[in-house]
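Asks: The sequence shown runs 1 to 588 under my numbering.
These are computed hints drawn from the structure, not numbers from a lab. Where hints are given, some of them may not hold.
As the list claims (entries may be wrong) - Below are the PhoX-like pairs computed for lysine-lysine, each with C-alpha atoms no more than 20 Å apart in a straight line:
#1 Lys-586 x Lys-534
#2 Lys-273 x Lys-134
#3 Lys-153 x Lys-557
#4 Lys-557 x Lys-457
Note that the coordinates shown come from a computational prediction; the quantities given were computed from them, not determined experimentally.
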Amino acid sequence: MKNNSLLLLATFFTLALTQGQTRSKYLPETLPSIPKITKPKTENSVPMGAIDQFEELKLNTVPVGNGPFKPTWSSIEENYPGEPKWLRDAKFGIWVHFGPQASGASGDWYARRLYVDGTLAHKNHLKNHGHPSKIGYKEVLRDWNPKKLDPKKLTEIYKDAGARFLILQGVHHDNFDLWDSYYHPWNSVEMGPKRDLIAEWANACKELDMRYGITFQHEYTWWWWQTAFGGDRTGAFKGIPYDGNLKPEDGKGLWWDGLDPRQLYGISLREYKGVTEAAYSAWSPPKPGIYTNHIPYAKWFTTQWALRIMDAIDKYDPDFIYTDGTDQKPFSGSGTGTGVKADAMQRVIAYYYNQSLQKHGYLDKFSVVKFRNKTNGTVTTEEFGVPEKTKDHEPWIAEVPVGDWYYAPDFTYDSGMMIHYIIEAIARDGNAAVCISPLPDGSLDQGSTNMLKEVGKWMKINGEAVYGSYAWKIPGEGEITNGKLKMLPGGKLGKQHAAFNFTPQDIRFTQGIDGSLFAFTMAIPQANEKVIIKALGTTSEKVVGKKITNVSLLGYKKSIDWQQTEEGLEITYPKTHNLKTAAVFKID
């Protein structure tokens, strides 16, 4: 990119950032003309090893408000009061992973994969909409209308299942805001259902006393949309450009006249080595580094990213916010945060915490930065799997979908695998958030509904061992495989999890609010079967000097037979009819 072009871009971005709120609702109204790159594909980026030496973009035009939090990690870590009590009490939530990509009925990443010929998303798009060179994702957004989506009804179902918080999708990698977005015209109020969906969810949660957070996953938009700048690689449409290549002037007289496709799809980054190849992979992001030819654009992109989150914070006052970054933060130049290094995340968190203090006088909110290393001021996540060992009382959320993050046919519905996943998480001092993907019309299918009802029945019986619990000295005991405790496998919840073979001797532990110890059998014993908990033997280093005074079975009103020996706590399981999946013993 020529120096004069960079200067033009920088001038435009400076004007847009400083004048946006007074000029118009959106920031900016259009993107500038971006010259076509004609030079050969090369690295054109700061390589991975030099990222630490690359100067971080400081978004000084983005406010952080009045309060103790400054836009630095050190300020956030020093001033944050620690894990909110309500998160410790909640333990189980529902991940409401729903947006226009559900309309593809092809699982996760429909928007990106509809531009990859041969994928299920591409096939479904051809059948339902047409070829993406003529009808692309912007038309999906125009037509999307989940008429059966009823946030209050769904929140009631989730609450009855035992959930104490919801993770609400605000914007996914597709860059479409599901609220009345001040800074972004591609949103659910301006097009599609023409509904402020986050407002509907937030109102339902407040009415039903449900905690809720909003997710912002649009940092991936920086590189995620590169499929939209290609074309079919084979067949009759080979080489015909997809609609990511369109410019604002191309919409004259069409339904999207006045909209800029680049505000949805971003801009082509295919000049950088590896970007095109990564776009057609199942998951891989581009090679880590800084995209040095696009520093002015990076400043605009990260600024708008931050301001959109701040807009939702101001409108909906969520209990937490969630960003889908990896490594230290979404904009790091490494991992999936490739391409740009900026202080946008720190500014958003500082603003969020300062605003909460100003509004409420106290701070019981948190910020999820996905996969971030342990630090005060943020909460991390574990996607799909659960760690083998307890995470040192660091607040974290295990997140997993049943089937996939968006609906697709032939999901496996099984309440047992959901319950086992929750137990595995809380035994290691975590929280569990499970995605139950709604149908494209916004409703739940019968399999999901039945599964949630069964989870709710289990939670009503055993919630005492779940809510407010802490990890014990060890997460569990039982069969050892390859030197490790046998545990539920990772990945999206499906057939292998529903069929996973636990026995009553596979035990998990939690500690309750009152100090009681709870032991979960990962399968229901037979009547009169002996369950021996070895960690509770009189000579075990876990309980030396402590005598067990009482053992009871949650959901069973009668007393049970037990004895504590050198070998362990031996319990004779009674005949029961109402206990399923996992039995829980309360031990005092």
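Asks: If you test the structure against every hint from before, which numbers come out violated?
Replies: 2 and 3
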